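Protein chains: 2
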Amino acid sequence: MSGCEWVVDAHGCEAAALASLDKLGRLFASLQTGLGLHPVRETLWHQFPAGIQGSPGGITGLSLLAESHLTCHTFPEHGSLCLNLFCCRYRPDWDFETYLKAEFGAARVRVRRLERPYQGEDEPQERALSQLRSADRVPLV
Amino acid sequence: MSGCEWVVDAHGCEAAALASLDKLGRLFASLQTGLGLHPVRETLWHQFPAGIQGSPGGITGLSLLAESHLTCHTFPEHGSLCLNLFCCRYRPDWDFETYLKAEFGAARVRVRRLERPYQGEDEPQERALSQLRSADRVPLV
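Sequence order for the protein chains is A and B. The numbering of the first sequence is our numbering, which starts it at 17 and goes up by one. The numbering of the second sequence is our numbering, which starts it at 17 and goes up by one.
Worth flagging that the hints you see were computed from the coordinates, not collected in a lab. The structure displayed is predicted, hence computed values, not measured ones. We put the beta carbon where it would ideally sit given N, CA and C, even for glycine. Please note that the accuracy of each hint is not assured.
Claimed, not checked - Reference listing, derived: stretches of chain B covered by chain A, where coverage requires no fewer than 3 residues with Cβ under 8 Å from a Cβ of chain A: (1) 21–33; (2) 56–63; (3) 74–81; (4) 85–91; (5) 100–106; (6) 125–134.
Please model the complete structure; the sequences and the hints are all you need to start from.
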């Protein structure tokens, strides 16, 4: 059986949105609701101090999920956001690009999708199921 | 400026080690000490219930760092461990393979290294420095 990790980097975002705990909380909630994710702890949020050039402080969020984890880091001084979503159980793709453009003003969004196989090579019984599942991954719109 | 993420998947590990909070705590401490990482919160640990076939419950750990984050998930029923280390500031490579083989009995360790560029394309002044830094990355032994 294989998990999946989405590695998302957004650039050209609005600094104020990247420094907004409300905006980031809604991003996490949208992902959790949209993909049926189950937090098992309160999300850990931390806002770093403002930059020396007056830019607002970046925010880190870590959510411990029954399905693995969801994290983000924002860099308002660079207009960027880095997000990871690791699901050890099947979930379809999510439309990160549309959301981040609409809610954070992102100019560019790069999404990489990594397989995270956690079943050993001597446990092949799940492989066919995993392949079947991978065939019906579709972007959410 | 570019961050870096190490994506590490270990297979063939000992189930008891993967279910040990002590072992995983020492892994995190070794990484934090060895790479000069600075947790800004207590690490969040969660142990899942034992599996239906009597295998011990897997563990998730999330550490919020000044340098970004460190996470792990273990699957004792599959003998596997999935780890992420995201550093938004330069750190050298770490010898995950030797550590996971010695402490968790891993048979195979795969390490992927992803660039996480958080500086926009219109901020080129750090690029040369980043390239210089990438030249001196060496494994820790």
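> Checking C-beta pairs, does the stretch 125–134 of chain B have three or more residues closer than 8 Å to chain A?
Replying inline: holds (count 5)
> For the stretch 56–63 of chain B, do three or more residues have a beta carbon lying closer than 8 Å to a beta carbon of chain A?
Replying inline: holds (count 4)
> Mind checking, does the stretch 74–81 of chain B have 3 or more residues with a CB under 8 Å from chain A?
Replying inline: holds (count 3)
>> At least three residues with a C-beta closer than 8 Å to a C-beta of chain A: is that true for the stretch 100–106 of chain B?
In response: Per the Cβ count (3), the hint holds.
> Would you say the stretch 21–33 of chain B counts as covered by chain A, given the rule of at least 3 residues with C-beta under 8 Å?
Replying inline: holds (count 5)
> Per the coverage rule (Cβ-Cβ under 8 Å, at least three residues), is the stretch 85–91 of chain B covered by chain A?
Replying inline: holds (count 4)
In the structure shown, no violation is registered for any of the earlier numbered hints.
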